[in-house]
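There are 4 protein chains.
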Amino acid sequence: MAGNSFGDLFRITTYGESHGKAIGVIIDGCPSQIDIDEDFIQSELDKRKPGQSKITTQRKESDIAQILSGVFEGKSTGTPIAINIPNEDQRSKDYSHIKDKFRPSHADYTYQMKYGIRDYRGGGRSSARETAARVAAGAIAKLFLKQHGIEIFAHVSGVGQLEAPNLDVSDLTELVSLRESNIVRCADPATAAEMIEFIDQIRKNGDTVGGRISTVIRGLPVGLGEPVFDKLHADLGKAMLSINAVHGFEYGSGFAGSEMLGSEHNDIFIAEEGKATRTKTNFSGGIQGGLSNGMDITFRTAFKPVATIMRDQATIDESGSETTISGKGRHDPCVVPRAVIIVEAMAALVIADHLLKYQSNAR
Amino acid sequence: MAGNSFGDLFRITTYGESHGKAIGVIIDGCPSQIDIDEDFIQSELDKRKPGQSKITTQRKESDIAQILSGVFEGKSTGTPIAINIPNEDQRSKDYSHIKDKFRPSHADYTYQMKYGIRDYRGGGRSSARETAARVAAGAIAKLFLKQHGIEIFAHVSGVGQLEAPNLDVSDLTELVSLRESNIVRCADPATAAEMIEFIDQIRKNGDTVGGRISTVIRGLPVGLGEPVFDKLHADLGKAMLSINAVHGFEYGSGFAGSEMLGSEHNDIFIAEEGKATRTKTNFSGGIQGGLSNGMDITFRTAFKPVATIMRDQATIDESGSETTISGKGRHDPCVVPRAVIIVEAMAALVIADHLLKYQSNAR
Amino acid sequence: MAGNSFGDLFRITTYGESHGKAIGVIIDGCPSQIDIDEDFIQSELDKRKPGQSKITTQRKESDIAQILSGVFEGKSTGTPIAINIPNEDQRSKDYSHIKDKFRPSHADYTYQMKYGIRDYRGGGRSSARETAARVAAGAIAKLFLKQHGIEIFAHVSGVGQLEAPNLDVSDLTELVSLRESNIVRCADPATAAEMIEFIDQIRKNGDTVGGRISTVIRGLPVGLGEPVFDKLHADLGKAMLSINAVHGFEYGSGFAGSEMLGSEHNDIFIAEEGKATRTKTNFSGGIQGGLSNGMDITFRTAFKPVATIMRDQATIDESGSETTISGKGRHDPCVVPRAVIIVEAMAALVIADHLLKYQSNAR
Amino acid sequence: MAGNSFGDLFRITTYGESHGKAIGVIIDGCPSQIDIDEDFIQSELDKRKPGQSKITTQRKESDIAQILSGVFEGKSTGTPIAINIPNEDQRSKDYSHIKDKFRPSHADYTYQMKYGIRDYRGGGRSSARETAARVAAGAIAKLFLKQHGIEIFAHVSGVGQLEAPNLDVSDLTELVSLRESNIVRCADPATAAEMIEFIDQIRKNGDTVGGRISTVIRGLPVGLGEPVFDKLHADLGKAMLSINAVHGFEYGSGFAGSEMLGSEHNDIFIAEEGKATRTKTNFSGGIQGGLSNGMDITFRTAFKPVATIMRDQATIDESGSETTISGKGRHDPCVVPRAVIIVEAMAALVIADHLLKYQSNAR
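Residue numbers (my numbering), protein chains in the order written: chain A, 1 to 363; chain G, 364 to 726; chain F, 727 to 1089; chain U, 1090 to 1452.
Possibly wrong hints are sitting among the right ones.
To be verified - List of simulated lysine to aspartate or glutamate pairs, EDC-like, C-alpha gap at most 16 Å:
(1) Lys-99(A) <-> Glu-1162(U)
(2) Lys-825(F) <-> Glu-436(G)
(3) Lys-462(G) <-> Glu-799(F)
(4) Lys-99(A) <-> Glu-318(A)
(5) Lys-462(G) <-> Glu-681(G)
(6) Lys-384(G) <-> Glu-799(F)
(7) Lys-438(G) <-> Glu-401(G)
(8) Lys-21(A) <-> Glu-1162(U)
(9) Lys-54(A) <-> Asp-200(A)
(10) Lys-1006(F) <-> Glu-1411(U)
(11) Lys-1188(U) <-> Asp-200(A)
(12) Lys-280(A) <-> Glu-543(G)
(13) Lys-1110(U) <-> Glu-318(A)
(14) Lys-1136(U) <-> Glu-1269(U)
(15) Lys-747(F) <-> Glu-436(G)
(16) Lys-643(G) <-> Glu-322(A)
(17) Lys-384(G) <-> Glu-451(G)
(18) Lys-54(A) <-> Glu-194(A)
(19) Lys-1369(U) <-> Glu-1048(F)
Said to hold, decoys possible - In silico negatives: residues of chain U with every beta carbon more than 10 Å from chain A:
(20) Asn-1093
(21) Ile-1112
(22) Gly-1113
(23) Asn-1173
(24) Arg-1367
(25) Thr-1412
Worth flagging that the hints you see were computed from the coordinates, not collected in a lab.
Glycine residues also receive a C-beta, built at the ideal position from the N, C-alpha and C atoms.
Okay, chain A solo, but in the shape it has when bound (with noise of 0.2 Å):
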């Protein structure tokens, strides 16, 4: 249980250091006879990859993604998907400024009194570019969850202080085209292009900032999830909070929900043609009692500012002497546009291991 591996029936396990040689995946259980869209899968890592634009850091990746096994003409075939994904920037000089030093709120302390040893080398394990292996194989996820109708749509909603207005989703294929139309992957443009300025501004101050990203999943069939502890939205949190800087998750009405009465709360039925396949409102998220009940999944993620700055930082070193720590190079300033396809990749693969658990009982 050494955590390197996410799903039961549809699991993932990655490897893979900052620096090293490649990051990757196995995908295990992914049903044979998918089609499975290399195009795809790289305009998926292609979303997440850095130097994409101004407000991104502009270490220099092209994540490519290699298919080593599971596939055969074009088809999974039920045996396990390898994808390797080569490092290219493996410039170790530039973290020698690091390596006896521990950055604030960053792994390095905690890695290092855990295993008594790390690869230091822009963060070793503990970077966020392990997550290109998480989206790679997000992206098998969804071309299986497509075969079922089943749609996930993220984007940013907040920056900062600032915050989108809730969005008309009647149209996520259109909404999927309103965020990419910005780099900043924030649905609706004006709001969109007030972050841009801002988080440029704050790169602009050599400081970062946080943000949250608001998901939608639509076309599941009612019933997915696993009482009593693998709970639909357990299992979303979980996926959401193992994702590099996340520190909040709700769903539904989230926090603001328990500020509110049980008789404003209650999401009433509508029956339609003898069958409940409505609620008047959707407070409860899209789950009831952990299990989903056929309206959209709606849930919400909180990022915490990058913890490298362009800002000298007190700090200490390995041998508890204090001293001083600067960022170096370029990083993110904002990790929430780059982050948006990391959150649908995991939504993605909790909802393909639901989706099999679902059928396994073959109801």
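With chain A fixed as given, assemble chains G, F and U onto it according to the hints.
Then chains G, F and U, alone, in the frame of chain A:
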């Protein structure tokens, strides 16, 4: 992976329906030679049981824990500890009015759709009664953690829009006393009085309200947690989100942290005797890179208002026809006072599991 | 991974010591809407319980199964099925003579060294009494498999050097009748008579003897099993080897097959109606590449002689001093007659688990 | 649970098809600070690779292991170790003759039925080529076990009806030398010569033959193994049965033990310096109650004859029509000489996993 187990090395599996013969739990993986204090287990169950005060449900359950195995001459033997809690209040007639109806924002509909059958009495398996088994298991975990000097403290920090001020957490034992001095289990007496007054008013209106619980875990070694998916906060988040009615989880700075700048948010190390034992601030919530850093673990959990209200609500029945439904008897107007001990139990189970994982590598 | 659970999707967790309050099991993952025939469960337990005949132990246990959860109005609900079996014969005084002694070829010594404490009464957790819980769970699995037309048949094919001839297995139901017509549970009546005579003689000598059980599983779809580690025969093998006293497992041609030539051993396909539904021979034991091929699954399990003999044996005590020990009361002179139903139960659990896995991909 | 992972705490996941781009493995849970000797890993792979001698297949594969992650400056870092082994001999044309045919006693038919698609080239995923990944992972496990003074030795003890006499196992290092001194890997030189002669004759006849491998594990602490399902021998048995072509497993006295009397079979303790460190005999195979007892672990594994023979065999094709098939090129006439190192690898993986479990309780 039917979902009724939690944890890997310190693993629990719960069973039981609200109005079946019993609920209970098997704890597999509890180390041997732990003193099993049955009075302590019972006192923990007593904090969760119904009928404690005017602001909790009046259902009568004495919740007596019977240890069936795994304990010999007062000590754990390393074999599975089975704990059974017989149900006393099995009056099925109380629930005939919901046999064919789906209660709004309850799990009736989703369970029926998933399984094609459900024990409708009191919500069956989806009832929060299941959490008594978690509390019993959590008590075993606490007895284990006590041997390692680990403390866990939770209290009600918010009810509706009422919010307790930040506590001085230097003495957790004293905070437990303060918390237990009032029926809402808020460690700030002034706020507690307001909360009780507010909940009682809500109850008289036949309504319910949500709330929030804040938790502190103290005394962990540095390095608990397993990158990259089984981060300590990811497992804590899943644990919390698996509790009935929880809609949100945040640790450290949480959602508020996503509005901050990196220069404000970074926790600067303090060197003491040549070791990095503390940070000036704790926006990280005691966790960096998914691993405990030796500071207090802090997190917050949001609970939606209880779905059963004492008012008529529109709903539908199994045939899809519109009907109305109303809560009967007395239910909890607010779940957080009883949930405090559930939060502590789940936190204890996560920490126990991660402590065994930590030990497995025998550093 | 403390080892008291078996299976992934159809998962059981057992608890209980030989002379504790109870033993029992939670079955998690049993599909909903299965008819739970309690009489059948009890009849299975009766086949394993002690005191059945002159060639089994005379310990008195009625082994009454109490279903505590997961069944509603006679059907499984998809939630955990907890079954508790109270221990009646808890006369601890019988075991004071072994409190400080390690019985040869028993688990006393290894449990004491592993856990630093043990419930020495009747072997505690290491007692084969634990297998009653497996039989109860296996009965549930059989009820599930019955709906899929899957049959399992095991019988005693060898005791000491006595070996039954190969059976005509065309009618498994008839073979069950033949097996149950004698107390040694061998479906060949002539060999059964010899076995009974032999075991009774062994018993009178205060000695014990080993034996072998042969099993046939019929009616599986093609493709059960999960390459490459969870091959169907690998999971069957683990299941069998987890039963007390089992020292060997082979499937299909087994050890004898390792002496054969490929030209003799290959199973040639027979085409019927344009499909490969049978092979001329079945040295493969119904499994190719770890997956069921539609032929009968066949395997054989070897049990060592019971370690408790009614004779003085040299041994040592906890202080390391030499001493002697002798069995008291009456123990099984040969374990296989009662183990037949345990073998069937474990086989049923493996197949149920793999059937759910098979269904998860919804072919 | 798609079956491509093995182990819990020391867990491997393999990938790759016989004629795809590569095969490989992720090892998750290897403790940090283990010296990773790449030459040793390669020397282990060399013992398994094809083309070693006249009695093995002539396929050309250099089987070069590439470590992609988890190792820094020669030591394990506690993060996943990914090892990739590119396939060199990808001549797909060799396999066009089996594209539409199901080879007898191979996995072609069952894979096709399970997945509806298969990479037919060289058996695809069902090829024993996958075991190279196991050998690489096993080498890592051995490096870990070496630090704990644990030794594993396997050799070919039987081929067809030839059987080596019992060995003097007092010096396992010397036995390795004896084993490696001949191409059949039997540590008894006289029997080895007979085996080689026999296999070569079989090969010339275009036939194949089965065999047996015997294993000794030395140096375990007392108490490895987890009752009641994850008994040490149950996990060893599953590990062995998961190897291609294995049809049987027995430990200690095995099948022969099932013919013995308890008075013969019991292992009497010998007290040394006030501790029970040895038993006079070792019919228990070093395991009592599923836990190691400090004596040598001994077990034996039976391999069926290789299914690919150089003769015409009747079979059927995908349309269900009768046809004939014949092996092409050169295949292994007997699998056991190359399987010795696979057996050792799987044994090492089981022990490494159980050692971490053992350590988790920090006795």
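Going through the hints against the structure:
{"no.": "1", "hint": "Lys-99(A) <-> Glu-1162(U)", "in the structure": "holds (13 Å)"}
{"no.": "2", "hint": "Lys-825(F) <-> Glu-436(G)", "in the structure": "holds (13 Å)"}
{"no.": "3", "hint": "Lys-462(G) <-> Glu-799(F)", "in the structure": "holds (13 Å)"}
{"no.": "4", "hint": "Lys-99(A) <-> Glu-318(A)", "in the structure": "holds (9 Å)"}
{"no.": "5", "hint": "Lys-462(G) <-> Glu-681(G)", "in the structure": "holds (9 Å)"}
{"no.": "6", "hint": "Lys-384(G) <-> Glu-799(F)", "in the structure": "holds (13 Å)"}
{"no.": "7", "hint": "Lys-438(G) <-> Glu-401(G)", "in the structure": "holds (11 Å)"}
{"no.": "8", "hint": "Lys-21(A) <-> Glu-1162(U)", "in the structure": "holds (13 Å)"}
{"no.": "9", "hint": "Lys-54(A) <-> Asp-200(A)", "in the structure": "holds (8 Å)"}
{"no.": "10", "hint": "Lys-1006(F) <-> Glu-1411(U)", "in the structure": "holds (14 Å)"}
{"no.": "11", "hint": "Lys-1188(U) <-> Asp-200(A)", "in the structure": "violated (58 Å)"}
{"no.": "12", "hint": "Lys-280(A) <-> Glu-543(G)", "in the structure": "violated (40 Å)"}
{"no.": "13", "hint": "Lys-1110(U) <-> Glu-318(A)", "in the structure": "violated (43 Å)"}
{"no.": "14", "hint": "Lys-1136(U) <-> Glu-1269(U)", "in the structure": "holds (9 Å)"}
{"no.": "15", "hint": "Lys-747(F) <-> Glu-436(G)", "in the structure": "holds (13 Å)"}
{"no.": "16", "hint": "Lys-643(G) <-> Glu-322(A)", "in the structure": "holds (14 Å)"}
{"no.": "17", "hint": "Lys-384(G) <-> Glu-451(G)", "in the structure": "holds (8 Å)"}
{"no.": "18", "hint": "Lys-54(A) <-> Glu-194(A)", "in the structure": "holds (15 Å)"}
{"no.": "19", "hint": "Lys-1369(U) <-> Glu-1048(F)", "in the structure": "holds (14 Å)"}
{"no.": "20", "hint": "Asn-1093", "in the structure": "violated (5 Å)"}
{"no.": "21", "hint": "Ile-1112", "in the structure": "violated (7 Å)"}
{"no.": "22", "hint": "Gly-1113", "in the structure": "violated (6 Å)"}
{"no.": "23", "hint": "Asn-1173", "in the structure": "violated (7 Å)"}
{"no.": "24", "hint": "Arg-1367", "in the structure": "holds (35 Å)"}
{"no.": "25", "hint": "Thr-1412", "in the structure": "holds (23 Å)"}
Of the numbered hints given earlier, the model fails hints 11, 12, 13, 20, 21, 22, 23; all others are met.
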